[in-house]
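K.L.:
Read off the chains here:
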Amino acid sequence: MNVVLQAFAVARKDLAIELRTKESLNAAGSFAIVILLLFSFAFDPGSDETREFGGGLLWIAFAFAGALVFNRSFARELPNECLDTLLASPLSAASLVIGKALANWVTLLVVEFVSLFVFGIFYNVSWVAHLAPLAAVFALATWGVSILGAIFGAITVNLRLRELMLPVIIYPLMIPLLIGAIELTKIILNNEPIGSEELLWGRILIVFDVVFTALAVILSDTILVN
Amino acid sequence: MKQAIELTEVWKFFGDYAALRDCTLSVSEGSCCALLGRNGAGKTTLLRIVSGLTTFQRGAVTLFGEKPRAENARRQTGFLGHGIGVYEDLSARENLHFFARIAGSGNLSSLTDTWLERVGLARVPTMPVRQFSRGMRQRLALARTFINSPKILLLDEPFTSLDDRAIAMLSELLTEARQRGATIVLSTHQLREALAIASHVALVENGRLRYTGERTREMLDDPALLYRLHTELGSQQ
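Just so you know, the sequences run in chain order A and B.
Under the numbering used here, think of the first position of the first sequence as 49, with each following residue one higher.
Under the numbering used here, think of the first position of the second sequence as 166, with each following residue one higher.
One or more of the hints may lead you astray.
To be verified - Just some of the chain A residues that point at chain B, by a computed CB distance under 8 angstroms: (1) A64; (2) R68; (3) T69; (4) A123; (5) L135.
Claimed, not checked - Derived coverage of chain B by chain A (criterion: at least 3 residues anywhere in the stretch with Cβ under 8 angstroms from a Cβ of chain A; other residues may be distant): (6) 243-253; (7) 267-278.
As the list claims (entries may be wrong) - Pairwise CB distance ranges (calculated): (8) B:A287 to A:L63: 19 to 29 angstroms; (9) A:E211 to B:G346: 45 to 55 angstroms; (10) A:L53 to B:R299: 31 to 41 angstroms; (11) B:G346 to A:L53: 49 to 59 angstroms; (12) B:N237 to A:V216: 35 to 45 angstroms; (13) A:A180 to B:A287: 42 to 52 angstroms; (14) B:G248 to A:L63: 17 to 27 angstroms.
Please keep in mind that the hints were generated in silico from the structure rather than gathered at the bench.
Positions of the beta carbon are idealized from the N, C-alpha and C atoms, including for glycine.
Please work from the sequences and hints to get the whole structure.
P.N.:
Written as structure tokens, this is what we have:
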């Protein structure tokens, strides 16, 4: 069984558990929505301002919500020593990390689209006409966030302060990805044309995704064993 | 006879503390080696090294000639540690299905159903494990360990806190595994159960292998004999 099929098996298992418990979905979803609502009440922005900072607001909410998802992801393997069982099994460590990232990606995308509805209602922004480009940006940027969360979730899984350590480590590393995602989201919400200069942000997202996915495949065994 | 597991002059340190010191052990294919020793002697560390869960600083470890982390080595290994290694929020069927799938087994549904029947969980295949009794969880853990018919079984204190039914089931599964030629290494405090199954014995004390050899008739008659003859505490008494 190759790495990809094993990764899908891990993702499927994690999503089945998530569907049953809804631990990450409820926590991350409500957290993202609360951030959006608080900003809406605190600043009462007009539609022009919203289009200007909407991208930044959305991605900050998604990044914070993501930390909740990533913390649960590997912590789920600790009861009953499931992590040891997986590492001693024929499952490759790379499949485990990629599978976790896949499950986190799906969970976070659900949270993002629910948040987008709330954003549309409370900030009076119509995003439905831009669904396709927004979905592409969300998919690319969320994969980058998810793979980073999976790698560092694996590193911090046995730390006592992992809930604190994980965000502290991943947020600085996320900066180039978040800047790219924020810029692209802003351009799409403002209905601006996407030219070659704007596509540079898209390339940054792709490079980030490829680099960290490659790192996950190469380093996962070293990270997880011992 | 071909060696299934070989440890050569293995040293493992936790900081400055040497948890394993110069351990050399060969377990031939098809044999059953009982790893004996008191708490903290180094049995679990040794098993974790063989199963590829822990790295070591010096020496070499091979399973059928390959490093423990090699995919082929892990494919042939079944590991049962202190935890049961199953997911509380999945059902028994989902758990077995998942572990059989990642091992690349074919015909997952019939394999899973066979093992559920085998460990007496066929009547509760869809019930989440968190609703299981302790005995049911233990039997599910046994099914999870044995489902892929591994050629090497690494069992860390498998008899500890098992109920009578699970002990009988484990003994039966180990006997079957030996009959099909599997190699077994099990660490245990339960001397009688272990010596009854084992063909070989390795005694660990303070991270050193004090004795390795075949299990003899005398050991069966007097399980404490090994400790008296080969440990420092035993020789003082």
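K.L.:
Could you work out which earlier hints the structure fails to respect and list their numbers in ascending sequence?
P.N.:
4, 11
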